[in-house]
Amino acid sequence: MGAQEAKLQNCRQCKLCEGRHTVVFGSGNPQADLMVIGEGPGADEDAQGLPFVGRAGQLLTKMLDSVKISRDEVYITNTVLCRPPGNRNPEPDELAACAPFLAEKMAVIQPKVILALGSVATQALLRTREPIGKLRGRLHAYGSAVLIPTFHPAFLLRNPGQDYKRMAWEDLKLAKREYDQRRTK
1 MGAQEAKLQN CRQCKLCEGR HTVVFGSGNP QADLMVIGEG PGADEDAQGL
51 PFVGRAGQLL TKMLDSVKIS RDEVYITNTV LCRPPGNRNP EPDELAACAP
101 FLAEKMAVIQ PKVILALGSV ATQALLRTRE PIGKLRGRLH AYGSAVLIPT
151 FHPAFLLRNP GQDYKRMAWE DLKLAKREYD QRRTK
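Just so we're aligned: the sequence shown equals residues 1 to 185 in my numbering.
Not one of these hints is a red herring.
Using 20 Å as the maximum straight-line C-alpha spacing, the simulated SDA-like pairs for lysine to any residue come out as follows:
hint: 1; residue 1: K7; residue 2: H21
hint: 2; residue 1: K112; residue 2: R183
hint: 3; residue 1: K176; residue 2: Q58
hint: 4; residue 1: K112; residue 2: R182
hint: 5; residue 1: K176; residue 2: R138
hint: 6; residue 1: K62; residue 2: D163
hint: 7; residue 1: K68; residue 2: R183
hint: 8; residue 1: K112; residue 2: H140
hint: 9; residue 1: K176; residue 2: R166
hint: 10; residue 1: K62; residue 2: D72
hint: 11; residue 1: K176; residue 2: L139
hint: 12; residue 1: K112; residue 2: N29
hint: 13; residue 1: K62; residue 2: Q162
Since the hints were made in silico from the structure, they are not lab data.
Just need the whole structure built from these sequences, with the hints factored in.
In structure tokens, the structure reads:
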């Protein structure tokens, strides 16, 4: 466990600590050129202590595989590290409580490409209220990296229409193109 994780193991910065089983830190390649950021852990993640291990995580793995990106190549985390009750969206004070940890983790990893999953992660990172439908499909500058918003895998599971899948596929191809151009060889 790194110093960041040890510091947050008993975090009480917001009310999410009250119902959590574990703090769900990120996982993956600590030198990743591609960082995947979701909104927050679900029940499976809270139980296992790892991000994206439930149904949405299985779909995320398939999505990455579809563009020939191995989950082992990337670093995966969330905007909040504790499970919001009932899988609700994180509230502004909860996002603010975890923001310094996410910023510190991003500074350590220094990704070149960020894939933001869903409106919560995208809006938090870009500091906007614009809906995901208006933000996805294009690159956004994020420090020295580029950020590519797409639909959250959980949203795709709840809304299996082909239009959303097609748009997510286009976003993934954009992320793959940027990743291939920018990654450390």
